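J.: The primary structure of each chain is shown beneath.
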Amino acid sequence: MSDDQDDIILADLDDDELVQQMFDDLYDGLKEEIEESVNILLARGWQPYEILTEALVAGMTIVGKDFRDGILFVPEVLLAANAMKGGMAILKPLLVETGAPKQGKMVIGTVKGDIHDIGKNLVGMMMEGAGFEVIDLGINNAVDSYLDALEAEKPDILGMSALLTTTMPYMKVVIDTLVEKGMRDDYIVLVGGAPLNEEFGRAIGADAYCRDAAVAVETAKSFVARKHNQAAMRA
Amino acid sequence: MDLPDDDRLTREGLDLATPAAAPERMLLIACGALAREILDLIARNGWSHMDLTCLPAILHNHPDRIAPAVEQAVQKHRATHARIFVVYADCGTGGGLRATCDRLGVKMVEGPHCYSFFEGNARFAANAEDEFTAFYLTDFLVRQFDAFVWEPLGLDRHPQLRDTYFGHYTKLVYQAQTDDPALTARAQDCAARLGLAFERRLTGYGDLETALAALKP
Numbered sequence: 001m002s003d004d005q006d007d008i009i010l011a012d013l014d015d016d017e018l019v020q021q022m023f024d025d026l027y028d029g030l031k032e033e034i035e036e037s038v039n040i041l042l043a044r045g046w047q048p049y050e051i052l053t054e055a056l057v058a059g060m061t062i063v064g065k066d067f068r069d070g071i072l073f074v075p076e077v078l079l080a081a082n083a084m085k086g087g088m089a090i091l092k093p094l095l096v097e098t099g100a101p102k103q104g105k106m107v108i109g110t111v112k113g114d115i116h117d118i119g120k121n122l123v124g125m126m127m128e129g130a131g132f133e134v135i136d137l138g139i140n141n142a143v144d145s146y147l148d149a150l151e152a153e154k155p156d157i158l159g160m161s162a163l164l165t166t167t168m169p170y171m172k173v174v175i176d177t178l179v180e181k182g183m184r185d186d187y188i189v190l191v192g193g194a195p196l197n198e199e200f201g202r203a204i205g206a207d208a209y210c211r212d213a214a215v216a217v218e219t220a221k222s223f224v225a226r227k228h229n230q231a232a233m234r235a
Numbered sequence: 001m002d003l004p005d006d007d008r009l010t011r012e013g014l015d016l017a018t019p020a021a022a023p024e025r026m027l028l029i030a031c032g033a034l035a036r037e038i039l040d041l042i043a044r045n046g047w048s049h050m051d052l053t054c055l056p057a058i059l060h061n062h063p064d065r066i067a068p069a070v071e072q073a074v075q076k077h078r079a080t081h082a083r084i085f086v087v088y089a090d091c092g093t094g095g096g097l098r099a100t101c102d103r104l105g106v107k108m109v110e111g112p113h114c115y116s117f118f119e120g121n122a123r124f125a126a127n128a129e130d131e132f133t134a135f136y137l138t139d140f141l142v143r144q145f146d147a148f149v150w151e152p153l154g155l156d157r158h159p160q161l162r163d164t165y166f167g168h169y170t171k172l173v174y175q176a177q178t179d180d181p182a183l184t185a186r187a188q189d190c191a192a193r194l195g196l197a198f199e200r201r202l203t204g205y206g207d208l209e210t211a212l213a214a215l216k217p
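Those sequence lines, one after another, are chains A and B.
Here the first sequence stands for residues 1 to 235, where the numbers follow the working numbering.
Here the second sequence stands for residues 1 to 217, where the numbers follow the working numbering.
Simulated from the structure, these hints should not be mistaken for laboratory data.
Certain hints may be false.
Unchecked claim - A partial selection of chain B residues facing chain A, derived with a Cβ cut-off under 7 Å: (1) G92; (2) G96; (3) P112; (4) E131; (5) F132; (6) T133; (7) A134; (8) H158; (9) L161; (10) T164; (11) H168.
Just so you know, these numbers come straight off a predicted model, no measurement behind them.
Think of the CB as a built atom: it goes at the ideal place given N, C-alpha and C, for glycine as much as any other residue.
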């Protein structure tokens, strides 16, 4: 975004200017600058949760929108995500200490036979940024891997990802197993990946297909809120 | 006939279809990445009843655009060719290309992608469980590695992203359609650039040849 990066002394900027600069630095994938800015805001007394939401998540939202609009491409988004990860690494332990609000819990993993995790990792990071606890199972997950994690972690959401048309049908295997075991209704099931679409999500019995990380966050929030409302009505 | 230029096949495709009405002839609507292989098969087997038109090979990187592009090509050539065969496999369209071809009443190559039909769909499927950490290149993709892999992934600008993309891959499998030491050396270089082990398999044309041979004059 900005071409005069070398001239800017981050510590000299006031809070508003610094947050704007963080938006630029995220956009440009400047990890060290993001880490420095996070530390500056912490030193100025900002709460970790404020930095996360008002600077990092807000900045990545701009990146996500420009990706969706075809202005940014995958390499640039990955660099931005890497920069955000740098900031998150500083904030994560502090968020635990300061008791930041929790939205819910998600188990997420790429399905069996598939080693692609870029999209899944972006979703996981944005979900964490939105206040979800994320248990990442990594790549190449067979049914048992998902089931074990669901039993152990008792999440609100199961997220599955696939990049290949040859592996995406495995999502149905997982969902069918949940149905067989009478566990399907215990979880919100969200699916995503480049070759998927809404129709596929519906056909395999997922709750929703999420076309990108931002949609995943909004969908997760809305389903979790609905789940809590239903639980409250039953109580 | 001169071999078609790879850059042109990538960006523009190739149109060798006869403009005049030729209802007795078979038109192949193919991926540009298969042009040389198809032309070689036609020449070697004397399949003089076949015409060829190729869509830009770079659609490989945009599977969502393949079915609409094939449909447009079928509509364009219907007036001259009553017999049309689509030389694409599923190619990441998630069944979309099959649905389009069924709707248009044209046949296509079986299999998930060219890596599969070059190796032979049955063999590729049998090895799939053990090979999902392999990254495949064909002759064409070795020659066009920068245009299809290196540049679109931004590795020319951001080489530090290499392991983000390829960290879970274990080897590059070069499926050689032709026995060409120079191309093998280039494929080896591609593997080195991606930080992957290298394996070469001479596949020849595999099920591509079988599929085209079945198209009777």
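J.: Provide an ascending list of the numbers of those earlier hints which the structure does not satisfy.
T.: Going through the list in order, the structure violates hints 2, 4, 7 and respects the others.
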